[in-house]
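Going by full-length UniProt numbering, 5 is the number at position 5 of the sequence shown; the sequence numbering is gapless.
FYI, nobody ran anything at the bench for these hints, they're computed from the structure. Remember, predicted model here, so these are calculated numbers, not experimental data. Please note that a few of the clues may not be correct.
Unchecked claim - The calculated lysine to aspartate or glutamate pairs, modelled on EDC-like cross-linking and capped at a C-alpha distance of 16 Å, are:
#1 Lys175 - Asp250
#2 Lys59 - Asp95
#3 Lys122 - Asp95
#4 Lys290 - Glu301
#5 Lys290 - Asp318
#6 Lys108 - Asp95
#7 Lys175 - Asp253
#8 Lys259 - Asp318
#9 Lys138 - Glu166
#10 Lys31 - Glu41
#11 Lys277 - Asp95
#12 Lys122 - Glu166
#13 Lys55 - Asp36
#14 Lys303 - Asp318
#15 Lys175 - Glu206
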Amino acid sequence: MGSGLSKLPLPLKVDANDDGTNHNFPSFVHKVVSNDDLLMEILLRLPILSLHLFKPVCKQWLYLITSSSFTLTRTRIPTVDPPFGLFIKRWPHNDYIFVSFDPRIPAKRSIHPLACLGGRIKQSCNGLLLCYIATGNKYYVCNPSISMFKMLPPIHDLHERNGYQEMNIAFDPIKSLCYKVVHVGRVEDEDDENDYFTRIQTYSSETGVWSVSGDRFPNLWFDGFGHGIYWNGAIHWLTFHDPFHVITLDIVDNPVLTKIQTTLPVSVKGHVHYNRKLLKSHGSLLFLCKDGDSQHLNIFEMKNEYCVWSVKYFVNLDDIMRPYPTLKMPTNWLFRYHMLNVVLGQ
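Using the sequences and the accompanying hints, generate a full structural model.
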């Protein structure tokens, strides 16, 4: 292994029975490990790496940690788990590799059901993945932490113009274990075949059906919707026409579309992040912009007030190669960077 990596720690070795008890433990320890409710409350608040190490302790602990009720309950605890990895698509293959932010956890090929269904990840939201299967034009929602998925029913046929359609997902486990999937498509005006508008359909996991909004929405506002991100109770995205207009779609009851004019504290003359995609981390909305042909990346942050983007970080992309001083590259090579995500510190 390279100098920057270390092996995964060995699982915790405890001479315990299948129920987790050990007669050599003090009496108070025995009371804790023999009480499922108390043990559950403790395990729920441990970071993901600790849970990984505690699985082999005994069958009782393995059963508790891997149960679906444990996983669902844990998602409702805010900040217990920051993002801990990325699913990266292997090119030209049609599968994914999971890469952990913790170097002690090795990378691994995508797990069921991503592997067996051959789906492509369209969006992610708080642990859920919205995936697409080109064969049959099918969508499904996947929870990779418990290897479960839900195939979505077909959307209503509204005769979208030129097949244009985009989808996104909204899920906040702190508020509810139900999620919503939003579909937008351009529809021709029945009264004027040269005119068209955007129609919104919403799928709710609570009802299991798609509902169609009766409102008409302007098409230009939805350019970039497929790269939107769910934050602060609504889906947010940047338009392709003006990167400093943030569009929000609130879908709590009926879809409500809002256009917000934002400003930057400095003049930005460079390239906005790939596909104008917004990012989020630790409750903040993030906006990336590269300074022209330089290797400087600006990271802007917006709080809940929707007033102004503030400078959070200046990043020198040349620093990426500094941890590898012995790596010699031909002088005529060009490096191309692609920012996958930004994760803010605690």
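Evaluated hints:
{"no.": "1", "hint": "Lys175 - Asp250", "in the structure": "holds (15 Å)"}
{"no.": "2", "hint": "Lys59 - Asp95", "in the structure": "violated (32 Å)"}
{"no.": "3", "hint": "Lys122 - Asp95", "in the structure": "holds (13 Å)"}
{"no.": "4", "hint": "Lys290 - Glu301", "in the structure": "holds (15 Å)"}
{"no.": "5", "hint": "Lys290 - Asp318", "in the structure": "holds (13 Å)"}
{"no.": "6", "hint": "Lys108 - Asp95", "in the structure": "holds (11 Å)"}
{"no.": "7", "hint": "Lys175 - Asp253", "in the structure": "holds (15 Å)"}
{"no.": "8", "hint": "Lys259 - Asp318", "in the structure": "violated (36 Å)"}
{"no.": "9", "hint": "Lys138 - Glu166", "in the structure": "holds (13 Å)"}
{"no.": "10", "hint": "Lys31 - Glu41", "in the structure": "holds (14 Å)"}
{"no.": "11", "hint": "Lys277 - Asp95", "in the structure": "violated (23 Å)"}
{"no.": "12", "hint": "Lys122 - Glu166", "in the structure": "holds (10 Å)"}
{"no.": "13", "hint": "Lys55 - Asp36", "in the structure": "holds (15 Å)"}
{"no.": "14", "hint": "Lys303 - Asp318", "in the structure": "violated (29 Å)"}
{"no.": "15", "hint": "Lys175 - Glu206", "in the structure": "holds (14 Å)"}
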